[in-house]
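So the chains spell out like this:
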Amino acid sequence: MKSRINFIFNAHMPFVRHPEYPKFLEEDWLYEVMNESYLPLLRMMYKLKDDKVPFRLTFSLSPTLCSMLSDDLLNERFCAYLDEHIELGDKEIARLSDDPQRRSLATDYRDELIANRTFLSENCNGRILNAFNELSNDGYLELITTTATHSYLPVFKDYPIAVNAQIETGVLEHSRIFDKMSEGFWLPECGYYPGLENSLKRHNIRWISLASHALALSPDRPERGAYSPVKCPNGLFCFIRDESLCSLVWSDTEGYPTDSDYRDFYRDIGFDLPMDYIRPYMHEPDVRSFTGYKYCAVTGKTAEKNVYDKSKAEWKALSHARNFLYNISCRTRNLLDVLDMDPVYTVSFDAELFGHWWFEGVKWLDDLIRLVAADKGFELITPMDFINEKTDVQTLRPALSSWGVGGYSAVWVDGSTNAGYYRHIFKAIERMTELAERFPSQKSLKQRFLNQAARETLLLMASDWPFIIHNQTNAEYAVKRIEGHIQNVNLVYDNMCKNAVNTEWLVKAEKRDNLFKNLDYNIMNSSHLEEPSPIYTAEF
Amino acid sequence: MVLINIESLSDNELRNIAQQEDLEDWNSLSREELIEGLEHLYDEDDDKSFDGITGSSKKKFVNTLTDVQSDNVLSLPGVESLPETYNDTSIHMILKDFNWAYVFWSLSSQQFSELEESGAELILRNTRLDADDQKVAEYDIDVSLSDTNWTVELPYPGFKYRVSLVAVSGGNESVICTSTCLETTCSWFSKHPEELEKDPVFRSIFSSLIMKDRTVIPNRQLLDIVERLYDGQEAVAR
Numbered sequence: 001m002k003s004r005i006n007f008i009f010n011a012h013m014p015f016v017r018h019p020e021y022p023k024f025l026e027e028d029w030l031y032e033v034m035n036e037s038y039l040p041l042l043r044m045m046y047k048l049k050d051d052k053v054p055f056r057l058t059f060s061l062s063p064t065l066c067s068m069l070s071d072d073l074l075n076e077r078f079c080a081y082l083d084e085h086i087e088l089g090d091k092e093i094a095r096l097s098d099d100p101q102r103r104s105l106a107t108d109y110r111d112e113l114i115a116n117r118t119f120l121s122e123n124c125n126g127r128i129l130n131a132f133n134e135l136s137n138d139g140y141l142e143l144i145t146t147t148a149t150h151s152y153l154p155v156f157k158d159y160p161i162a163v164n165a166q167i168e169t170g171v172l173e174h175s176r177i178f179d180k181m182s183e184g185f186w187l188p189e190c191g192y193y194p195g196l197e198n199s200l201k202r203h204n205i206r207w208i209s210l211a212s213h214a215l216a217l218s219p220d221r222p223e224r225g226a227y228s229p230v231k232c233p234n235g236l237f238c239f240i241r242d243e244s245l246c247s248l249v250w251s252d253t254e255g256y257p258t259d260s261d262y263r264d265f266y267r268d269i270g271f272d273l274p275m276d277y278i279r280p281y282m283h284e285p286d287v288r289s290f291t292g293y294k295y296c297a298v299t300g301k302t303a304e305k306n307v308y309d310k311s312k313a314e315w316k317a318l319s320h321a322r323n324f325l326y327n328i329s330c331r332t333r334n335l336l337d338v339l340d341m342d343p344v345y346t347v348s349f350d351a352e353l354f355g356h357w358w359f360e361g362v363k364w365l366d367d368l369i370r371l372v373a374a375d376k377g378f379e380l381i382t383p384m385d386f387i388n389e390k391t392d393v394q395t396l397r398p399a400l401s402s403w404g405v406g407g408y409s410a411v412w413v414d415g416s417t418n419a420g421y422y423r424h425i426f427k428a429i430e431r432m433t434e435l436a437e438r439f440p441s442q443k444s445l446k447q448r449f450l451n452q453a454a455r456e457t458l459l460l461m462a463s464d465w466p467f468i469i470h471n472q473t474n475a476e477y478a479v480k481r482i483e484g485h486i487q488n489v490n491l492v493y494d495n496m497c498k499n500a501v502n503t504e505w506l507v508k509a510e511k512r513d514n515l516f517k518n519l520d521y522n523i524m525n526s527s528h529l530e531e532p533s534p535i536y537t538a539e540f
Numbered sequence: 541m542v543l544i545n546i547e548s549l550s551d552n553e554l555r556n557i558a559q560q561e562d563l564e565d566w567n568s569l570s571r572e573e574l575i576e577g578l579e580h581l582y583d584e585d586d587d588k589s590f591d592g593i594t595g596s597s598k599k600k601f602v603n604t605l606t607d608v609q610s611d612n613v614l615s616l617p618g619v620e621s622l623p624e625t626y627n628d629t630s631i632h633m634i635l636k637d638f639n640w641a642y643v644f645w646s647l648s649s650q651q652f653s654e655l656e657e658s659g660a661e662l663i664l665r666n667t668r669l670d671a672d673d674q675k676v677a678e679y680d681i682d683v684s685l686s687d688t689n690w691t692v693e694l695p696y697p698g699f700k701y702r703v704s705l706v707a708v709s710g711g712n713e714s715v716i717c718t719s720t721c722l723e724t725t726c727s728w729f730s731k732h733p734e735e736l737e738k739d740p741v742f743r744s745i746f747s748s749l750i751m752k753d754r755t756v757i758p759n760r761q762l763l764d765i766v767e768r769l770y771d772g773q774e775a776v777a778r
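Listed in order, the protein sequences are those of chains A and B.
First residue of the first sequence? That's 1 in the numbering used here, and the numbers climb one at a time after it.
First residue of the second sequence? That's 541 in the numbering used here, and the numbers climb one at a time after it.
Rather than coming from a laboratory, the hints here were simulated on the basis of the structure.
Backbone N, C-alpha and C fix where the C-beta goes; we use that ideal spot for every residue, glycine too.
Treat each hint with caution, since some may be false.
[Stated by the list, open to error] Label-pair distances were calculated between CB atoms; the ranges are:
(1) A:S527 - B:N627: 20 to 28 Å
(2) A:K517 - B:V708: 50 to 58 Å
(3) A:S441 - B:D672: 37 to 45 Å
(4) A:K312 - B:E624: 53 to 61 Å
(5) B:E661 - A:K508: 42 to 50 Å
(6) A:K312 - B:N567: 32 to 40 Å
[Unchecked claim] For lysine-lysine, the following DSS-like pairs were computed, each having C-alpha atoms within a straight-line distance of at most 25 Å:
(7) A:K390 - A:K180
(8) B:K752 - A:K312
(9) A:K157 - B:K752
(10) A:K231 - B:K731
(11) A:K446 - A:K390
[Unchecked claim] If we take Cβ atoms under 10 Å as the criterion, some of the chain A residues that face chain B in the derived model are:
(12) S218
(13) A226
(14) L245
(15) S319
(16) R322
(17) Y326
(18) N327
(19) Y345
(20) G407
Pulled out of the complex, with its shape left as it was, chain A reads as follows (with noise of 0.2 Å):
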C-alpha cells in the first residue's frame, strides 16, 4: 500500500489597509507573513523545483489575501517593511560585536530579509501572486479560492444570497487574478453545514474538504473512513481531514512546534529593547511591535529563556519530520486488511503556521518534500490529481461542521463577546438585498455607491473579525471594523431611501475598502439565484 499525502494550505490575511495613515500597526499581520511565510515558502519551492525534486501541494489564496498581495500601496510599503528592517539588522549586528550567537542569528535575519527582497523582484516580478501562478502553471500547486472575505458560512445559512455572494466573489476573483477556475473551494474554518454543497455546485466547484467528525457524525454509515474522500449527493467531492496526524503539527500543548529547540515566537527585540534604540522600528506613540529579530528557543515555561540554536532546530525539524511520516506508514500498515484502496491522507493547515508561528515550518516542510520523493511508499497528491483518476468513492451526506473548539460555530458565534453583532450583520445583509432589488441595474453614481455597500457587507462577512473579538486579541481592532462596516452599509442604506449620494464619503471608502473592483451589487439581488452563474461552464 501507497500512503498518499494531501497537504492543502490556507493562505488568508483579512483585508487590512489604511492608506489615510503613513503607517499602520494592524498591516503589519501582512508584511509579516509575506516576510516569514509567503516569501520562505515560495523560495523553498522554487529550490525543490531547481533540484528537480517532485512536488504536489494545494494552496488556498484568499480573495481578501490577494487583493492585498496585488495592490501598489501595499506592495510599496512591504518593500518599505523590508529595507526598513534590512536597517535594523544592520544595526544589530553591529550591537552584537561581542555577542557571537546571537551576532549570527541577527545575520541570518538580516540575510533572510535581503532574499526575499531579491526573490520578490527578480522572481515574483515585484508580486508574490506571480510566483504562486508559475508553479500551479509548472504542475506544482494545485490553486484554489474561498469566499470572498474569509466568511465562516454556516452562521449565515438563512441567507442564500449571502452565502452565494460570498462564493461566487471568491470564484470570480480567482479566475480574474489566475485566469483559471478554481476547481476546489476552501470552506473557510472547514465550516460547513448540510446543503452548502448546492451552493457550490451553482460555481462548478468540484471539491472541498472538510474536518473529520464532519464523516464520523454523517447520518450515513462511512466506509472507509477520513481514508477515503467521499462524495455529496450532487456528487461534489470531500477532502477528509485527519486530525490525528495535523494534531502532531498543530498543537499548542504537544505539536512539534512546541519543541524547546525550536525559536520561540513571542520573546522579539521589539518588546525586549530599549525603547530608545527600536523607537524607528515602532509605530507611534512608541508602541511596540514585533521586528522578526528574536533570539531565544522555546525552552520551556519560563522567562529564561535559551539562545536559540539553529542547527539543532534544524536536526530537530528534519527528525520531526521523519516521525510525521513514520506515524503515517504505522497508520498504513494498521490499515492493511481494513481497506481496500490505498489510503490518502488530508493534512491542511494555515499557511501562515509555516515561517511565520513556527519559525523551522518551513525547513520541516521542505524535508518532509524530499523524503516523500526518495520514498516510494508514500506521495503527495493533490485533490484533482485524485478526482481526475476517477477512483469510485462512497456517496455521503457530511455533518455539520468545522475545525474550530468543539468542532461547530461556538468560537464564532460564542454568547457573550461577539454574539451581539450578529443583529446587525444580519440586518446589513437584509438591507443591502433590499437595496439591489428596489434600485436594480443602477449606473454611475449610484452604481458606485451601491457596489461600495456590497464590498461592506461583504467585509462585514469576515470570520476575522469574530474569532479575533473571542480570543481577545487586537479586539478592539476588530469591533471596529465590524462596527465601521455596518455604519457604511447603513448609510448607503439611509441615503438611498432618501435618493441621495453621500459622495465625500463614497469617495473615502472606494479609496479605503477597494478591493473587488469587478464586483456587481445585483449579486445580492435574491433574483440572482434564479439565473446561470456566469461561469458555470464546464460540465460537472
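Knowing the structure of chain A, use the given hints to seat chain B on it.
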C-alpha cells in the same frame, strides 16, 4: 495557530498586557502576581465564552498597546453610531453547537409599547419538529420585555427546532414572531452503537480522530458515542 504559554513571557510583556487588560495595580505587581492575575482574567473569559468541551481556547497573548488607528467614520456627514434597534420585529436562531443555539430577537417600537401597556408576559417557545414539520414537543422559557437574546438547548439530535416569541395576556397567547427551522442531525453510529464494537470500524473510522495525546478530538457528540460503548481510555488504547 501556535499558542504561547504565559509563563514564558518576559516581565515587560506581562506588564504591557496587564496594562492593556486594566489589571488593577499592574505597575506594582510581581511577576507571579501578574501571571496569576492574567490567568484569572483569561480563565474568566473562557468560562463566559465556552460551554461544554474541555479544550484550549485559541488565545494569544499579543501586545496591542495601541489606541486603534482607524478611519473615523463617525466624523463623516450622515453617519450615525450603531442603532440599538432597527424598529422591526424578528427572531433569529444560530446553531452554536450540535445541541445549543443562540437566539436573538427585536421588537418594533410599536410592538414594544403595546406589550408594555398590556402588561403581557413574554415567553420564548422552543418547538421540536419531526421530518414532516409536525410538532413533537415544546418547552417555554420566561423572558422579560428587556431581554433580547437567549441560548437555548436543542436536546434531541435528528429533529428540527424553531423558536417563537409569544405574548401571554389574560390566559390568551399570541405569537409575535417565529424563527426559521434549524435542523440537527443524528449520526449513523448514534443509531447503530453495536457497530462500534467491531474493531475494523474503530481503526478505519475513528483512528483519524485520536489526537497526539491519545484523546478523542474535543467534540461532545463524538465523545458521547465513544463513552457510550467504551470506557474512553479503552477506546483510545485500541
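Hint check against the structure, violated hint numbers in rising order:
9, 11, 15, 16 and 17
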